[in-house]
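Order-wise, the sequence lines are chains A and B. If you number the first sequence the way the numbering used here does, the last residue is 123 and the count never jumps. If you number the second sequence the way the numbering used here does, the last residue is 274 and the count never jumps.
Heads up, a few of these hints could be off.
[Claimed, not checked] 30 Å max Cα-Cα, derived DSSO-like pairs, lysine-lysine:
{"no.": "1", "chain 1": "A", "residue 1": "Lys98", "chain 2": "B", "residue 2": "Lys229"}
{"no.": "2", "chain 1": "B", "residue 1": "Lys274", "chain 2": "A", "residue 2": "Lys114"}
{"no.": "3", "chain 1": "B", "residue 1": "Lys174", "chain 2": "A", "residue 2": "Lys98"}
{"no.": "4", "chain 1": "B", "residue 1": "Lys174", "chain 2": "A", "residue 2": "Lys107"}
Keep in mind that the hints were calculated from the coordinates and are not lab data.
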Amino acid sequence: MGKNVLLVDDSSTMRKIIGRSLRQAGIDFDNIFEAADGLEALEILEKEDVDIVLSDINMPNMDGISFLREKSGRDGIKDIPVLMISTETGDDIIGEAKSLGAIGAIKKPFTPDKVNEVLGPLL
Amino acid sequence: MDISKNIIESAQEIFSTMVMMEISVNGENMMTSIPLTESISGVIGMAGTHKGVLAIHIPNKVAMAITGSFLGMDVDEINEDVEDAVGELANMLGGNVKSILSENGKDIDLSLPTTITGQQYDFQPTKDAERIIIPFSCDAGEFTIDMQLEK
């Protein structure tokens, strides 16, 4: 069975670019779900079968840190891995994301090679 | 602190990796701007130990070409895709500037990006601020990156 990914970013442009980078990196997913913020992401995780989440940090309504915090308290979805893709690179915020369960981070801007390097071993 | 070299390198990295477009500096840095016509600006605010704003000002036709390259499709009007793409450019520039300022002891937070579009408008600081405006060119035309940081 193939894998499904959830892309979480308030920029539709960035969600398209991440999708493009996944294809260029040779990483195929059966389904690519999209959410514009953490709230939408939680709704999708509750009803769809998602294998991995790629999430921005700075988003309106519910940011990436709050999304991780909320997700970690929900039994059905807390173990779905989340990789942060963000302009944020500070040790404090990435450290906080990892303490809430994020498995790593990719900094924007990124190349398909970088996506493959970080994401490939996780799949 | 001369941040213009860092901004140039950041912009070139963003455009080459994400927009698939090469850009180059097109003249000397400026400290005052001219009115913007038929343009779109992506703006991101900075606050914390230092306040300021970072903006990218792009003529509409150049913004449409940049968005088309971003998305791999033809774009022939200023629409939500263009606004989103320009906002995301400002966002990524802001992220890099934040990192650079942080390395120099300036701890700032970024706002969410916003965009302004219009037939003719001015973009001017209201407070006394250090300002640099870097002119760039690409195959589609010219644009500027404008950073203002409180003194």
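- Message: To test your reading of the hints: which numbers does this structure violate?
- Response: 2
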